Amino acid sequence: MSPTMAVMRRELRSYFVTPVAYVFLVIFLVLVGILTFYAGDFYDRNIADLQPFFVMHPWLYLILVPAVSMRMWAEEAKSGTLELLQTLPLTLWQSMLGKFLAAWLFVGLALLLTFPIWITVNYLGSPDNGIIVAGYIGSWLMAGAFLAIGACLSTLTSSQVVAFILTAVVCVLLILVGQAEVIDFFQGALPRKLVNAVAHLSMLRHYEAIARGVLDVRDIIYFVLTIAAWLTAGVLVLDLKRNH
Amino acid sequence: MVRLTLRRRTILFGALIALIIAYCSLALVTSRWLAPERFDLTTDGLYTLSPGTRQIIDSAHRPLWLTLYFSQHATKDLPQLRSYEQRVAEMLQEMVARSHGHIRLQIVDPVPYSDDEASAEGNGLTPMSGGSNGERIFFGLVGSTRPSNSDVTSDVNADTPDDKSSKRVDRTLAIPFFDLLRETFLEYDIAKLLYQLNEPEKPRIGLIANLPVMGDPLQGTAPWAMMQQLQQLFDVETLDASKLKKIDKRIQVLLLIHPKNLSNDAQYALDQYVLGGGHLVVFVDPFAESDPTSLSQDALAGTNNHSSNLPRLFADWGVAYNPDQIVLDRGRALQIELAGTNLAHPAMLGLGTQELNRDDVVTASLQRVNVSTTGHFDLLPNASTRLVPLMQSSADAEVVPTQRVIDASNNPSTLLQGYQPQNQNYVIAARLRGPFVSAFPEWARRPGHLAESPANAEVILVADTDLLTDRLWVETQNFLGQPLLSAFANNGDFINNLVDSLSGSSTLLSIRGRSSSQRSFTRVDALRHAADRKFLQKKQELESELADTKLRLSELQPVKGDRDTSTNAEQKQEIEQFLRRQLAISKELRDVQHQLNAEIDALGTRLKVINIVVLPLLITIIGLLYGWRRTRRNRRQRA
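Chains P and D are the protein sequences, given in the same order.
So for the first sequence, this note's numbering puts the first residue at 112; every next one is plus one.
So for the second sequence, this note's numbering puts the first residue at 31; every next one is plus one.
Because the hints were derived from the structure by calculation, they are not lab data.
Not one of these hints is a red herring.
When the alpha-carbon atoms are kept at most 25 Å apart in a straight line, the in silico SDA-like pairs for lysine to any residue are as follows:
#1 LYS106/D to LEU315/P
#2 LYS352/P to LEU267/P
#3 LYS232/D to ASP200/D
#4 LYS638/D to ALA132/P
#5 LYS352/P to LEU208/P
#6 LYS304/P to SER174/D
#7 LYS638/D to THR225/P
#8 LYS106/D to ALA159/P
#9 LYS304/P to LEU58/D
#10 LYS638/D to TYR247/P
Simulated DEER-style distance windows between Cβ atoms:
#11 LEU210/D to LEU216/P: 40 to 48 Å
#12 PRO465/D to LEU216/P: 57 to 65 Å
#13 LEU222/P to LYS564/D: 36 to 44 Å
#14 SER237/P to SER159/D: 30 to 38 Å
#15 VAL328/P to LEU210/D: 31 to 39 Å
#16 PRO477/D to VAL328/P: 47 to 55 Å
Because the structure is a prediction, the values reported are computed rather than measured.
Quick reminder that beta carbons are idealized off the backbone N, C-alpha and C, glycines included.
The whole structure should be built from the sequences, with the hints applied where relevant.
Here it is as structure tokens:
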């Protein structure tokens, strides 16, 4: 087994050893259900699609993802196992990737456990399942990008709370820059080209593009780039700390 | 050692900064300039533009500005409309992405009393009433060849494309309101708008008519309303059938109305026009009521001189048409007033949505087309062409000799004597799809002779000319000295759609209807329908009970002059009972309604519970079990 996979398995197991994973899953599923049925008006709008479900995901990830990623490196730093980890025959990249993949799989599991809503919509009508599949792919990619950000930011601090807050702030900024209201707000104050350029970096814009049912190579490249960039930044920060 | 660490730290810092710059630039470059490569996962390929649309976008030779007006706030409580708006916006964004910067899109929320609202109205958008707080709902598209003022400041997609079209005439066209019922033709409607914006001139339409469609300036009669409409949208050119030898290729659609005894030269010109890819619409009629020639009967031929036909070309195209037959349809008979009495005329038909082809862009959104003394088409046994009906009679129709209808003009109800429906839908208007071959093989040596048509050639056939006359679809009212047309049937829209779709281009014609993206909860709908049926049934039962009580009450009414007080007391009691029962019945009906809605609500609640409670509960139980087993195992190990 490659070292990355070994780290991934160890991390994944560690989620389920403590009640943390179960609490996360329950909170996520309850929240997603409540938001879809009440805030999204899923049943009363009488349209066979999962738009009210997917539209809530960016906001739900603001709570779930930083909570998953905050412990990645901050906990290691606090408990002093970071130094131990660095003595193992592992590169920083392998550890980072292993931890990230474990977290990404865990969020993927949370996402998979929302399958009753998919069954529900198919029971109620005949939705376009292609759009639903695209929605899940987009949602998982967005979760991956958020996790990579969280992984990087948790290398900066030994406090899990600080890591949580930092990740939530960066993620909310990446969501907000894609909102039409925010773009409109800055249109007058900043050069238009700059506003448009920043809007292209918005997570929301790329997620929504996929969630409507079209997999565009550009959107996928954006998510892959974002994940790779933040993970690399995390590795660089760890390296910097090691050389402190 | 310290120096080495410092050097490494500088390198790492540098790498971090380089990473940020590289990420931002790569993300921007790939998002903005990488060619789109898409995989449409939707079942019906909703976001895959059809080749026709792509061709229209690719051939756009000047920058176009689109503004989608949608009242966000007013549609807060209308999820279906909001979802459709999303679909429209996405379709437009797809077109914008395809256009490589040639098409610019702006989405505007025209809030009440704003400049945006004024510009939406000024550009011809039709608001719909019924928004939240009684606000009007705007949901239309304005396309223009020049940017609007607001575009300059708030266009999200930045750069103004370099306008090489300053010398061209600027055009602004609009889709007044995106009708949910026309969703299947959404792509067609937008592509048509783009196509028309790109066209520098009005399309040219040719007209050969044996009826006074253009009015008579000498007699002071105006063109028919149909023609007035066409003249506004198209460049209509009248052709003289007696001198016709060749039809100009620049004529995009040729309307041949009521052809009678056309010369061979004229028929050859028509034949070659069709084979050359020209769009021909033929209106023939077994009995054209507006034919100005005096009605005489040709006893030898057995036909009247108000009929028209195109025998040689029809035979060549494989079309069977008999001008001696008229379609009667008692199920679709129009009510007319004759000598002060109202009666149904079985030869004058009001064709509704059932009889109009819902899958064809021309007839899909029409509600009613009125026709009169119409013929019908069929295919000859050996025909190689295909007939796609646009309008048909109902199955309750029969075909009778034309002469019988002419004879019954004073008393149309006699046409219903001995009525024998054939249980057949007679084709009144249709698309005739090729391949066509020349009906004049003997003229093959003529220069430029075409022997056969391209694969996508098409002729449109209509077996009635009366549908063009004002009396069947429009009323003219005088409004402040100006004639104001008010349509009571869609005949005008039918001809407009026909010419519009044919004059577009063959690429536009290739864009056919798509399936709808709006899918409702069929299970809830079924419950609702069942509930409605039950409610209606219950209502009828209760109403008949009330009617019985009422009857009993009227039986108890005192006979005039009868002063028997005992009857009055009985009557009073019955009235009281009746009122009590009436109250009880309305309560019962309310209860029934409530109970039926409760079924739908109960389903909703069950689904909420399953989705919000069941799985989280299961995970909690699994977690607790796992924790308990783990603790027990640990304890055992420690022991």
